[in-house]
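Protein chains: 2
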Amino acid sequence: MSTLTIPDPLPTPEEDSQKLNKAFKGWGTDEKSIIEILGHRTAAQRREIRDAYARLFNQTLVDSLRSELSGDFGRAVVLWALDPAERDAILAHEVLKKKGYRHMCVIVEIACASPPDHLISVRQAYSSLFNSSLEEDIIDYSTGHHSLTQLLVRLVSSYRYDGMYLNEDLVDSDADDLYNAIKMGQQEPPIGLINILSTRSIHHLKASFHRYQQKANGKSIYEDIEGNKNYDHELKSIMKCVVCCIASPEKHFVEVVRNSIVGLGTDEDSLTRAIVTRAEIDLKNIKEEYKIRYKTTVNADVIGDTSGDYKNFLLTLVGSAEP
Amino acid sequence: MSTLTIPDPLPTPEEDSQKLNKAFKGWGTDEKSIIEILGHRTAAQRREIRDAYARLFNQTLVDSLRSELSGDFGRAVVLWALDPAERDAILAHEVLKKKGYRHMCVIVEIACASPPDHLISVRQAYSSLFNSSLEEDIIDYSTGHHSLTQLLVRLVSSYRYDGMYLNEDLVDSDADDLYNAIKMGQQEPPIGLINILSTRSIHHLKASFHRYQQKANGKSIYEDIEGNKNYDHELKSIMKCVVCCIASPEKHFVEVVRNSIVGLGTDEDSLTRAIVTRAEIDLKNIKEEYKIRYKTTVNADVIGDTSGDYKNFLLTLVGSAEP
Numbered sequence: 001m002s003t004l005t006i007p008d009p010l011p012t013p014e015e016d017s018q019k020l021n022k023a024f025k026g027w028g029t030d031e032k033s034i035i036e037i038l039g040h041r042t043a044a045q046r047r048e049i050r051d052a053y054a055r056l057f058n059q060t061l062v063d064s065l066r067s068e069l070s071g072d073f074g075r076a077v078v079l080w081a082l083d084p085a086e087r088d089a090i091l092a093h094e095v096l097k098k099k100g101y102r103h104m105c106v107i108v109e110i111a112c113a114s115p116p117d118h119l120i121s122v123r124q125a126y127s128s129l130f131n132s133s134l135e136e137d138i139i140d141y142s143t144g145h146h147s148l149t150q151l152l153v154r155l156v157s158s159y160r161y162d163g164m165y166l167n168e169d170l171v172d173s174d175a176d177d178l179y180n181a182i183k184m185g186q187q188e189p190p191i192g193l194i195n196i197l198s199t200r201s202i203h204h205l206k207a208s209f210h211r212y213q214q215k216a217n218g219k220s221i222y223e224d225i226e227g228n229k230n231y232d233h234e235l236k237s238i239m240k241c242v243v244c245c246i247a248s249p250e251k252h253f254v255e256v257v258r259n260s261i262v263g264l265g266t267d268e269d270s271l272t273r274a275i276v277t278r279a280e281i282d283l284k285n286i287k288e289e290y291k292i293r294y295k296t297t298v299n300a301d302v303i304g305d306t307s308g309d310y311k312n313f314l315l316t317l318v319g320s321a322e323p
Numbered sequence: 001m002s003t004l005t006i007p008d009p010l011p012t013p014e015e016d017s018q019k020l021n022k023a024f025k026g027w028g029t030d031e032k033s034i035i036e037i038l039g040h041r042t043a044a045q046r047r048e049i050r051d052a053y054a055r056l057f058n059q060t061l062v063d064s065l066r067s068e069l070s071g072d073f074g075r076a077v078v079l080w081a082l083d084p085a086e087r088d089a090i091l092a093h094e095v096l097k098k099k100g101y102r103h104m105c106v107i108v109e110i111a112c113a114s115p116p117d118h119l120i121s122v123r124q125a126y127s128s129l130f131n132s133s134l135e136e137d138i139i140d141y142s143t144g145h146h147s148l149t150q151l152l153v154r155l156v157s158s159y160r161y162d163g164m165y166l167n168e169d170l171v172d173s174d175a176d177d178l179y180n181a182i183k184m185g186q187q188e189p190p191i192g193l194i195n196i197l198s199t200r201s202i203h204h205l206k207a208s209f210h211r212y213q214q215k216a217n218g219k220s221i222y223e224d225i226e227g228n229k230n231y232d233h234e235l236k237s238i239m240k241c242v243v244c245c246i247a248s249p250e251k252h253f254v255e256v257v258r259n260s261i262v263g264l265g266t267d268e269d270s271l272t273r274a275i276v277t278r279a280e281i282d283l284k285n286i287k288e289e290y291k292i293r294y295k296t297t298v299n300a301d302v303i304g305d306t307s308g309d310y311k312n313f314l315l316t317l318v319g320s321a322e323p
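These protein sequence lines map, in sequence, to chains A and B. Residue 1 is where the first sequence starts when you use the numbering used here, and the numbers rise one by one after that. Residue 1 is where the second sequence starts when you use the numbering used here, and the numbers rise one by one after that.
Check the hints yourself; a few may be wrong.
To be verified - Calculated pairs, DSS-like style, for lysine-lysine (alpha carbon to alpha carbon, straight line, at most 30 Å): (1) 295/A x 284/A; (2) 206/A x 97/B; (3) 236/A x 219/A; (4) 219/B x 206/B; (5) 97/A x 206/B; (6) 215/B x 236/B.
Quick caveat, the hints were computed from the structure, so don't treat them as lab data. All values reported here derive from a predicted model rather than from experimental measurement.
One chain only, chain A, in its complex shape (with noise of 0.2 Å):
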């Protein structure tokens, strides 16, 4: 559930284009009615705001937030801004300019946390921004780990069922392959079971997931991955997030906030896109299970670690302290 707040009644979005436009005038720039405006408009209404000041100002919201506003706070108010497809397609790209399969985590909440229209849409943004497809740089990326090359493009070019339908057979014969693939011992996560990871339904998988730890007695597929010997460091962390992302994303959203937090210093660039991406998905549920897991708030935790307009950003899309 969605964690923003709208004001009644709403402004037209050329009133919001007028008022931001004069917020980029005159001497400073004026962050809390940008903060104001943006920060309380669904995706929707900023899509509307964007057509609007792009046909009264001849120019895009985008690029005029680019070159006003800087730092973590201007990172989060572009990112906001942008079509949510777009804003993945930006991230992906962003994510495979940097060294290290560890970052690849990204790519696959855009893979397995999102609905599978939206990533359709992440491709079709990234293929007419980048000339490329999501795909083939994710290859032209491999630095040698070829099944985790492979079971990255096989998640983001999944389009799976999205229904309700569940075959029982077929779930259960899904959780015995499972088992026995990260039982069995191998370094490399053999075809089957990148197959199913990346073709079934979430439904389904998570009804496999579920069949797995009976099958295991009790031991969740998760930990089974966490105590997989054979796997290295790399293909571990990864499998960990594929499963997470799919049986729980607001599991996996509470970690990537409380990693990008706690420690020495800031990860802000983790901390904006978990907030940025998830305020109109999940956020709610995200604020609940983080007070439950960690006994404090999202809130206290970004007032604790951030500061000024970025601080106040975020508080904006992530709403009350008490859910």
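With chain A's structure known, arrange chain B on it following the hints.
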């Protein structure tokens, strides 16, 4: 280019629907009117007729056609009346009920001889019609030919970049990789070859195939696959289909039409598929290519091998004998 001819002035979708409904009523079905109307309407116009028909008669046009028509004629008209993405989803589903990989070329056509956005629409239609993803059904179909299954899954999962940007270095290195992979003498196509064929843009692949031929002293990739003694018959036939659908779909469909005609009996399903699915895409080019290659026309071969309403309907879609 399309072979369709559209009347001017064009009747409204409501008028067409009324006439179609009248054609279904009374003692016999008026096949001539059905051909006269539907055979002269574009996909967009047929969609409007479907919408109007459903509004006016509280029944879908496709259901009416299915209950009124039968045989090869009925099958052809129903396929023609369907939304093109839904039609291809149904064709793919039919193939996955048949025995033998030789039928899989239908799936390759959908994956490699259609624009990326059409392939996505087919997958969406497949998922809503059949409660599963196209790719999982291909995997579940697998009867042991794993590399062929992987190739097919990867091809249907592709969302290729559809523009004209070309990276010449990549074209060159892909040509090398294709050459080495096919010349290497393995029984299975290596994953690198599958990666290239399933993720690169059609424009890029055409350039790579051209470069391949230069490297191979004039031998085409098609000929090298044909001459590869390590590939079994099924793999060879599907790989040739892939390369042909990418390099030159019209040449592929020239063969589909010709093979459906020559020999004992007519393969009506293939003939129907080629004409119905390509009429609005490249049937004009297919006809020209056919004439050059076989010194006869598609029209003459259709007249020679089919009869009655089926013949009349196909000829309506094929258009004039002189291109």
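Evaluated hints:
1. 295/A x 284/A: holds (16 Å)
2. 206/A x 97/B: Satisfied, since the Cα-Cα distance of roughly 28 Å is no more than 30 Å.
3. 236/A x 219/A: holds (16 Å)
4. 219/B x 206/B: holds (15 Å)
5. 97/A x 206/B: holds (28 Å)
6. 215/B x 236/B: holds (21 Å)
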